[in-house]
Every structure is written in C-alpha cells, then in structure tokens.
Amino acid sequence: MIRYAPAYRCGQVTVQNATVSGLAYPAEGPRCCAIELVSASRVVGMLRADRFSDRAAALHIRDGWCGFDYQLRSSDFVFDDTLMLRCAVSRRVLHVVTHATVAWENEASDSAARQLVTVAGLLTPGRTGTAAGLSRYESLIRRLAGSIDKAAFVSFAFQFLLGRDPDPDGRQIYFDSITSGNDPFSVLEEIALSDEHTVLRRGWLPSPFDEQFPAVPVFLPTRADPARR
Amino acid sequence: MPRAFLEVSPLFESHWTGIPVVAAGLVQCALADPGLDWGFLYENVVIDPLVVTDMLRLRRGSQFFPHLEQQLWNGDVLSPGQMAEAACIFTNLKALRRQFAREALVVHDISTLLTPEFHNTDTVRHHANRLRGDVASTDFFFCVSRATMMDLHSYFGVPLAAAAVIPVGMSVDPCMLTTLLIERAGMSCEPYVCVLGTVEPRKNGGIVLAFLRDNPNMLDKYRFVFIGRDGWNDEKRRMLDELDRLGLPTSRIVFTGFVPEETKMRLVLSSRFCIYPSFFEGYGIPIAEAAALGKYVVCSNSSSMTEVAPEMCFFFDPTDLLAFADAFFKAELAADLTWLDRLGFADIAARLEARDWRRAYDTIRSWVVEGTPA
Chain P
4 MIRYAPAYRC
14 GQVTVQNATV
24 SGLAYPAEGP
34 RCCAIELVSA
44 SRVVGMLRAD
54 RFSDRAAALH
64 IRDGWCGFDY
74 QLRSSDFVFD
84 DTLMLRCAVS
94 RRVLHVVTHA
104 TVAWENEASD
114 SAARQLVTVA
124 GLLTPGRTGT
134 AAGLSRYESL
144 IRRLAGSIDK
154 AAFVSFAFQF
164 LLGRDPDPDG
174 RQIYFDSITS
184 GNDPFSVLEE
194 IALSDEHTVL
204 RRGWLPSPFD
214 EQFPAVPVFL
224 PTRADPARR
Chain L
777 MPRAFLEVSP
787 LFESHWTGIP
797 VVAAGLVQCA
807 LADPGLDWGF
817 LYENVVIDPL
827 VVTDMLRLRR
837 GSQFFPHLEQ
847 QLWNGDVLSP
857 GQMAEAACIF
867 TNLKALRRQF
877 AREALVVHDI
887 STLLTPEFHN
897 TDTVRHHANR
907 LRGDVASTDF
917 FFCVSRATMM
927 DLHSYFGVPL
937 AAAAVIPVGM
947 SVDPCMLTTL
957 LIERAGMSCE
967 PYVCVLGTVE
977 PRKNGGIVLA
987 FLRDNPNMLD
997 KYRFVFIGRD
1007 GWNDEKRRML
1017 DELDRLGLPT
1027 SRIVFTGFVP
1037 EETKMRLVLS
1047 SRFCIYPSFF
1057 EGYGIPIAEA
1067 AALGKYVVCS
1077 NSSSMTEVAP
1087 EMCFFFDPTD
1097 LLAFADAFFK
1107 AELAADLTWL
1117 DRLGFADIAA
1127 RLEARDWRRA
1137 YDTIRSWVVE
1147 GTPA
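Those protein sequences? They're chains P and L, same order as listed. Residue numbers for the first sequence follow our numbering, beginning at 4 and rising by one. Residue numbers for the second sequence follow our numbering, beginning at 777 and rising by one.
Just so you know, the hints here were simulated from the structure itself, not pulled from any lab data. Computed from a predicted structure; not experimentally measured. One or more of the hints may lead you astray.
What follows is a set of in silico ranges between Cβ atoms, one per label pair, in the way DEER data are often shown [stated by the list, open to error]:
{"#": "1", "chain 1": "P", "residue 1": "W107", "chain 2": "L", "residue 2": "T1114", "range": "28 to 34 Å"}
{"#": "2", "chain 1": "L", "residue 1": "R779", "chain 2": "P", "residue 2": "V81", "range": "38 to 44 Å"}
{"#": "3", "chain 1": "P", "residue 1": "G14", "chain 2": "L", "residue 2": "G857", "range": "29 to 35 Å"}
Listed next, the stretches of chain P that the computed footprint assigns to chain L, with coverage defined by at least 3 CB atoms under 8 Å from CB atoms of chain L [stated by the list, open to error]:
{"#": "4", "segment": "177-187"}
{"#": "5", "segment": "200-208"}
From the derived model, a few chain P residues whose C-beta atoms are all more than 10 Å from chain L [to be verified]:
{"#": "6", "residue": "R94"}
{"#": "7", "residue": "Q118"}
{"#": "8", "residue": "I151"}
{"#": "9", "residue": "D172"}
Cβ atoms here follow ideal geometry from the backbone N, Cα and C, with glycine treated the same way.
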C-alpha cells in the first residue's frame, strides 16, 4: 500500500442523504490516506481522502486536501448491517455506519435510471471543472512557488493546467512575467482562462494526489514517512 | 542489513507498458521492505528514492532525466568498491557487466532474436549485439514466464538451475477500482469488445480485421476497440489502409492510442470480453489484467500466453483464422451465459491479491539474501 499514508487523524464524519463524508489525513508527508469500507470482515471498497474540503481548509489542515465522501449503497450492507470505515494502511477503525441510521429514500435503485454511455463517452468521462476551482489550490500553489525555481514553476503550471510541457514561447513569456515580479498564482489564473484549458481540458484539474498531478514537492516528505526513506 | 541495488532504467520511459510495469512492481515491494537496504540505479547513477516514489505515483519517468544530470553533477555515482560488495538486479538490459559481487537479470523475452520480423532493424541489432554479453556476465536469471526461461535455456544454454520464473504481478489501485465499479453500476454501455496491446505487427491485430471481413455482422453487434499506444513499423497506418480496402465501417472500430491506466481499466470493465491475438509474448500482462477484472479473453496459444490466465481464456492458433473465429464465438457465448463480467470489488480484489507483486519480489529477495530463489 505504498500509495497511501496511515491516517493520523480522522474526524468530522457525517452521514447525510446516504453520503458519508469526513476528513482523514496523515501526520505529514506527500501521500494521502485511503479508507477501506469493510462489511463483515470483507473489504467492499476503498476510497481516497484526497478531496478538497472547505472544513479542512478552514482548519488549515493539508491546505484543505484531505476530505472524503462516499455515496452509500444498500448493496454495501449485504453481508452485515454495519459498514466499517478503517484506515487502509494501519487498519485502524475510523468510523462505523449502521444501515438503520441511513436515509435511503434518495438511493437510485431503478436500473432504468442508468445512464446510456458510448465508447467515446468512456474515453472522455464527464470530468468538468471551472477556473474558479483553481482558488482551491491557491495556498498550496503559493507555497510551491516559494520552494521551486521559476523555470520549474512555469513547467508545473503548464503540466497542471494543460497536461503538457510549455512550448518555447509560453515558457519564455511566463518566466519573464514571474521574473519581473508578477504574482506566480496570477500566471496560473491567466493560463486557466485559455481555450486549451477551458475547452480541451474542460477546466478539469487533478487533485494533488492524482496521477495526473505534476511531480512537484507539494507536501514535503519527512523522515517519519517510511516510504520516503 | 544486506545492501543490494535495483537497476531501474525502464522506469524512465514516458509510457509504462510491459517491462517498466514489471520494474515498477518490483520497486514498490523493495521500497516497502525495511529488511533490505535497497538502492536504485540508472546504470551506475544513484536515484533518489523520493524520485522513484514519484515515478510510481505518476506511472511515467521521462520527466526525471534532469534528476540524473543533477546526480551526476553531485557525484552520486556508485564506485567500483561499492559495486564489488553488493548484489544488483538489472530489470532489463545491462549497462554494467561483472561490476557487482553478484548480478541477476530480469529477462522479459528474446523476441527480437526469435521473431525479428516484428521489430525494427535497429532494435534487433541493439539486442543482438548485447544479449550474449549480458547472459555471459550474469549469475542468475529471473524470467517472467516459463516460456521465456525455456527460450533462454534452449538458445543461450543457460542451465535451469541458474534461472527461476518470477510470478508477474498486478498493481491496481483499489480506490480507482472502487470508483470505476460505482461508475459502471450507474450506466449501461453500448456493447463492445476490447483488443488489447500496443498496435504493432507482433500483436497480430490483422487477424481481427480478417475476422471482421468474413463476419461483418459482428460490427453491427459490437464496436471493436483497440486499446494501446501506436507501436513501431507503422502498423496502425497499415491496419487503417486494410480497413479501407475491405470496406469495413471505420466508425465501428476505435483506436484509442495510449490511454491512462484509469481509462484502460474503465474500458475493460465495461467490455463484453477481450481479445489478445499476439504472435509472441514474454508474458502478456494485459491478459492477466482482463482476467482479474472478470473478462474472458480470446487469446493466442503461442509462447507464454497459455501460462497467464488459462481459466479465463479461449485459445487459438494466431496463424489460424478459423481457430480465432471459433474462440471468439466461444468467448461470446461464455460472456452471455455468466455474470463474471460484472464482478464486484471483493471478488476482483481477491483475484488481484492472488497476483500480488510480493510473490515475484520474494523470489528475488531470497536470491539476494540467501543466494537461492524462494
């Protein structure tokens, strides 16, 4: 389970409209936590605590990037009336949901409600986002701008927003912009307004723990993080 | 604590398929093993484990070449003395020979020598010029299949006592799997069949087109989706020309090119079944992946492919179109009769657990520590 870190804390867990949500985060280090859903000793699913959470941001935890939410399904309770949420690394139990306490009236059970999808739809799944979503990354990106050089930051900006390396012109323009004293975050805001980001990428932005997120030291490793020996 | 090195230059590829996937599987186990002092190398340049971890997360490595330049500049290069005291596992070809106290080589296949007609001349020359030297300077061989081990024995005279088969694993992110299964439960997808593997001559995609020429009604029934990056010898262009010549409706045949792991798994999960028609493989990771996800595979019976997941395969001779058609219709019938293609998380997780990389890693670890494979 090298992808994930043991949960140091888990809290603010709530169950509303058959959705369980909360925060889970490691003590430190670059990896997020993963939560196993366990029913009668069987793992029936696993989710990442890598979503942006306003609550976590307000508490200044991991720049807000430690939330999780999961839409409960009655099939999750086939083996037992309880569903245990536990850390996928340490196996520590974080929360228990009981079937009786879930408001099931909103569950979509009718197979007719299934969405019809083509192969083209599978190749370009419904990832959508908005430039406004960039604000969620602001504190993280400002911290990053202070820790890597300007050329690396421009490369990061292109990879993050456009999924590619900068072209020579773009590299020079934005490098000059930062060197002349412009706010590095404003560079990202400018690129985020481009057609390439809004139309081709449909404004989608990866979580800092996503495979698509560029390899930059956002959450720095420490000696306490065993996978980062 | 024993000191050992993994030479992991395949991780620096921009797209991970085959050899880099095997290297990554071994590396992730090595990183999680506190009982062995592993170092990671690109030739004799030491790679920071932080960089290796980032590569595992991103599943690509081409952007990390500047790190190697920096390491060279810093002088983070193994000295002859350090090498002389340690064991080293080379995960593909060897850039260093007879430098380490003990040297082992992971052998994926020798297809460049056995089936040179499917490779670029440059690639054939590259391998032909170095494989004999690599074999002669190696103490032990870890082969990804029994077929590869027997090829090494037959063509290079490697004693079977100096070789072992490592059970190739799979590394699927359970969180991603959960997300995709939930997504699948909420949709009905048009019927389609996946043809797996890089689009290159050795993968034998042409047999699928020949089958469709004889059975054009199959294109009304299914879309055919070729999942894999464009390989060498301009095979995709040749296949498109062939489609044109046969007058088959190109709208029913999709070439995805390289797709991220998540997209590949999404496509396989919702397919009716899969096809793997390759002429020759060292192992055949896509067969294992499809089988673990509960998909039947219309699979070539050549080289290593019968070893991978025979319980989920309908085999055919890759040179025999009638045998392919027979296997295709059997797989179609099996997919229609069973619910295997709708396996849930717990069932898939159990299948993945049986293909954990630790089994391969333990074999190598045992050789490092005890001198013999587990």
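Do the hints match the structure? See the list:
no. : hint                         : result
1   : W107/P x T1114/L: 28 to 34 Å : 30 Å, holds
2   : R779/L x V81/P: 38 to 44 Å   : 49 Å, violated
3   : G14/P x G857/L: 29 to 35 Å   : 52 Å, violated
4   : 177-187                      : violated (count 0)
5   : 200-208                      : violated (count 0)
6   : R94                          : 14 Å, holds
7   : Q118                         : 5 Å, violated
8   : I151                         : 12 Å, holds
9   : D172                         : 20 Å, holds
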